[in-house]
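Number of protein chains: 2
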Amino acid sequence: MQHLLNHKVPLLLALCCIPLQHVFASNGNDSVIPQTFLWIVLTMIAARLGGIVEKIGQPAVLGELIAGAILGNMILFNIMWFEGMKSNEYLHFLAELGIVILLFQVGLESNVQEMKKVGIKALLVATMGVLFPFVLGTYLIGPLLMPGLSHNAYIFLGATLSATSVGITARVFKDFSILQTRESRIVLGAAVIDDIMGLILLAIVSSIVKTGFFSITHILQTIALSILLLAGGTIIGGMIAKPLSKWLSIVNPGLSMKLGFALSIGFVFAYIAHLIGLAPIVGAFTAGLMLDSVHFKHFEEPEYVSELKHAVRNADPQIQQQVQNLSQVQQAKHIEHIVEPIGHFLSPIFFVMTGLAVDASVFMNPQMLLTAFALTLVAILGKLASGFFAGRGVNHWLIGWGMVPRGEVGLIFASVGRALGVVDTMEYSVIVVVIMLTTFVTPPILGSLVKKTSHS
Amino acid sequence: MQHLLNHKVPLLLALCCIPLQHVFASNGNDSVIPQTFLWIVLTMIAARLGGIVEKIGQPAVLGELIAGAILGNMILFNIMWFEGMKSNEYLHFLAELGIVILLFQVGLESNVQEMKKVGIKALLVATMGVLFPFVLGTYLIGPLLMPGLSHNAYIFLGATLSATSVGITARVFKDFSILQTRESRIVLGAAVIDDIMGLILLAIVSSIVKTGFFSITHILQTIALSILLLAGGTIIGGMIAKPLSKWLSIVNPGLSMKLGFALSIGFVFAYIAHLIGLAPIVGAFTAGLMLDSVHFKHFEEPEYVSELKHAVRNADPQIQQQVQNLSQVQQAKHIEHIVEPIGHFLSPIFFVMTGLAVDASVFMNPQMLLTAFALTLVAILGKLASGFFAGRGVNHWLIGWGMVPRGEVGLIFASVGRALGVVDTMEYSVIVVVIMLTTFVTPPILGSLVKKTSHS
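Going line by line, the protein sequences match chains A and B.
For what it's worth, this note's numbering labels the leading residue of the first sequence as 7, then goes sequentially.
For what it's worth, this note's numbering labels the leading residue of the second sequence as 7, then goes sequentially.
If you are wondering where the hints come from, they were derived from the structure by calculation, not from laboratory data.
Just so you know, not all the hints are guaranteed correct.
Copies of the same chain look alike in the list, so a pair counts if it fits in one copy or across any two.
When the alpha-carbon atoms are kept at most 25 Å apart in a straight line, the in silico PhoX-like pairs for lysine-lysine are as follows [stated by the list, open to error]:
| id | residue 1 | residue 2 |
| --- | --- | --- |
| 1 | 180 | 127 |
| 2 | 458 | 180 |
| 3 | 61 | 252 |
| 4 | 303 | 61 |
| 5 | 315 | 339 |
| 6 | 248 | 61 |
| 7 | 303 | 252 |
| 8 | 92 | 339 |
| 9 | 180 | 123 |
| 10 | 180 | 122 |
| 11 | 123 | 248 |
| 12 | 339 | 123 |
| 13 | 180 | 457 |
| 14 | 339 | 252 |
| 15 | 61 | 315 |
| 16 | 92 | 252 |
Only chain A is shown next, with the shape it has when bound in the complex (with noise of 0.2 Å):
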């Protein structure tokens, strides 16, 4: 051993000059995982100062996403620095983590009863969402404003148009308490058949690029599979579920089971979801609203509520029962309470990541964002239009701009048409620009119209 150590000599006199901390990171993800922990923190400051903008009355993920964006852009300033959490993959990674726990959150607070009661007005709001954008982007706008492309490539602009993203909607929603109303139900409900009608889309239009037709067993199966997912998670997941809970709450009545068996169903439907092809996100939102309170109430009840029954045991009749409701509404929420922390940890990440990727330097060529306003102005009236198909009682306003956010699954399609060979670098940067704007316009426009129907 000794002769090797002399062999080493010029690598260890290398090694003198490397400071401690170096010395200490012996392999890279050392390094990388510490310096994660900054910009974590980084997210946070970002997304709490963004949430100024509540003062003003808006939903803070408007201000997480301008501060995302604000970051992203230092650049411009020759500010490097933040450079770094652009291709950071653990953030990306949180990001994703926190959209899905947001959607599963956004699933728990919401009835399934409930949600069935709309089920046919969501539908015919998501039919006509995606219609609408669909037929104008491709025989319309996308012929009269860049001429020239092959019909192949209207195609999937049309269906780029399409695609509603629900994230930031739900996020809103939920900012604003608004997740019990008939509006955020019929929006909700139809951004998951919309997903839905998305993968059928793509399985469309994908086969007509490649093959000049398509097949309707394909489609079926698409179809199939998603229904299977939906509405048999739903049901049998249900059934399922009951019993499970209960055999897991002998094994450990307390909070780290409940947690692990709630956040467990989550994952596991976000990745079935994925299988299917559908986004991560419906598979979450459909577990949230699959799990109910009857599947928690074998587990033990929170501590506070237990030494909160004892401290007014010798009260009079009348408090106890007030206090004996206050601890049933407890228990019942106790499940929504413990995913809580995680949300506000992690889903921040998300929308402060997705602010942190919009380019400002697109904004410089005119041309291209004449294009993409007014492609803009089309998805927005396309799924404003859609709104009106909601029936009669609600804010249609409402659930047509909760339907205009598109997202990541506009970006999928854009990318599976570049992969194609059928979306140009132009394309993909004028859709990336409309993805950008729908996104950044719903929060203050859902924002005052909340204010507008509170105060009416």
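Mind docking chain B on chain A? Use the hints.
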């Protein structure tokens, strides 16, 4: 664009054969991330099923380690499926995040004034606990069991044996809710000091190996930096935290800001610790220790506390007083309560991943195993002896065993030694086995010691 398409026909034909989910997975991560969701579920299931050991009075962490070790060695039965977990970067990241959160929680539950009271005892325990295994390993057991190595190789061996890793013990003490005992405080304090000593020791042995002597300036610098973080962090940080929390609570008095403020301080301290060369968990623990309930008094009280006060507003004074006391406890502990679900979600991932790293095939080499057993015995005896320096009125065995687990710090020593060409593969493997053994043997023994103490 059409001509481009024609050139891509072979590509398109190839694409037709790819199942839908692969078309969607437009880049690698799109698949890895949902797959990671499934791994997270698996760690949660493994951790919770492992939790069955609680039924026989063992800490849950032991079950998590065993569950991980079982999954990690399924390859011996030709089940390859779980190998993907070992190489999943995101899981390793979540594990790191989990152990940082755990030590932050432990810090939050600890009281800085009470910690100071046991300071001298902790210093004695730490010093002896570093000295005994180092001297025994370097001058007695090393040359005896592994003859023919260089003196430097024995120095590294001794240094490796000296480094306590507090994660396991902290978790066991938390599992048994005995973080408020004097024994627990001494162990936690000693572990922090131990980590600083490890840092100094590494600097010394690295210098000796590299240059034959060591720079006293460098050592003093290391000590100064460490003290700056730990003492300075708690004092200066504590002074800044008060006005900062007040200001932040004005921006947003809600739960999200409260949590963001607390976690940000935790992660910043973890990062600073890493920069200095200390373990991030030492920083996170310090941050938690620094944060006192007084830092959160300006934030809103939890919703259920307000509801509770409202429910008993007409009760007689005695009950109102009881509820008032309960509310104050709830308000003070609220930050611990909201960090708890994040800990329950992430920290088992660390212990399952630690178990996963156990390679049972090393146990097939009898000579190496025998060496490892003997070294483990020395590693344990050295720490047990240090427990007797903790003064009167405490359980010395509990303290000694609390200091036994070796972990990442020992591995860092071994890795640096290997990078310097001093530690060979055989010695490295022996060290890994020693770490495994100390990790697995500690939880059950601490478990039975705690049970014995509470019975007597």
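Going through the hints against the structure:
For the homomeric pair residue 180 and residue 127, the shortest alpha-carbon distance inside one copy (21 Å) is at most 25 Å, but the shortest distance between copies (51 Å) is not. Only within a single protomer do residue 458 and residue 180 lie at most 25 Å apart by alpha-carbon distance; the minimum there is 17 Å, versus 50 Å between protomers. For the homomeric pair residue 61 and residue 252, the shortest alpha-carbon distance between copies (17 Å) is at most 25 Å, but the shortest distance inside one copy (44 Å) is not. Proximity of residue 303 to residue 61 under the C-alpha cut-off of 25 Å is restricted to the inter-copy arrangement: shortest distance 21 Å between copies versus 38 Å within a copy.
Taking identical chains as interchangeable, the C-alpha atoms of residue 315 and residue 339 lie at most 25 Å apart whether they share a chain (17 Å) or sit on different chains (19 Å). In this assembly of identical chains, residue 248 and residue 61 lie within 25 Å of each other by CA distance solely across copies; the values are 23 Å between and 43 Å within a copy. In this homomeric assembly, residue 303 and residue 252 come within 25 Å of each other (Cα to Cα) only inside a single copy, at 8 Å, whereas the closest approach across copies is 39 Å. Taking the closest pair of Cα atoms, residue 92 and residue 339 never come within 25 Å of each other, the shortest separation being 36 Å inside a single copy and 36 Å across copies.
With identical chains, the CA atoms of residue 180 and residue 123 are at most 25 Å apart within one copy only, with a shortest distance of 21 Å there and 47 Å across copies. Taking CA atoms no more than 25 Å apart as the test, residue 180 paired with residue 122 passes inside one copy only; the shortest distance there is 20 Å, against 44 Å between copies. In this assembly of identical chains, the alpha carbons of residue 123 and residue 248 lie at most 25 Å apart only when taken from the same copy (24 Å versus 50 Å across copies). Within a single copy, residue 339 and residue 123 get their C-alpha atoms as close as 23 Å, which meets the 25 Å cut-off; across copies the closest is 41 Å, which misses it.
For the identical chains of this complex, residue 180 and residue 457 are intra-copy neighbours only, at 14 Å inside a copy versus 46 Å across copies, given an alpha-carbon limit of 25 Å. Taking CA atoms no more than 25 Å apart as the test, residue 339 paired with residue 252 passes inside one copy only; the shortest distance there is 18 Å, against 29 Å between copies. In this assembly of identical chains, the alpha carbons of residue 61 and residue 315 never lie at most 25 Å apart, being 37 Å within a copy and 27 Å across copies at closest. Taking CA atoms no more than 25 Å apart as the test, residue 92 paired with residue 252 passes in neither setting, with 44 Å inside one copy and 32 Å between copies.
Consistency with the previously given hints fails for numbers 8, 15, 16, ordered from lowest to highest.
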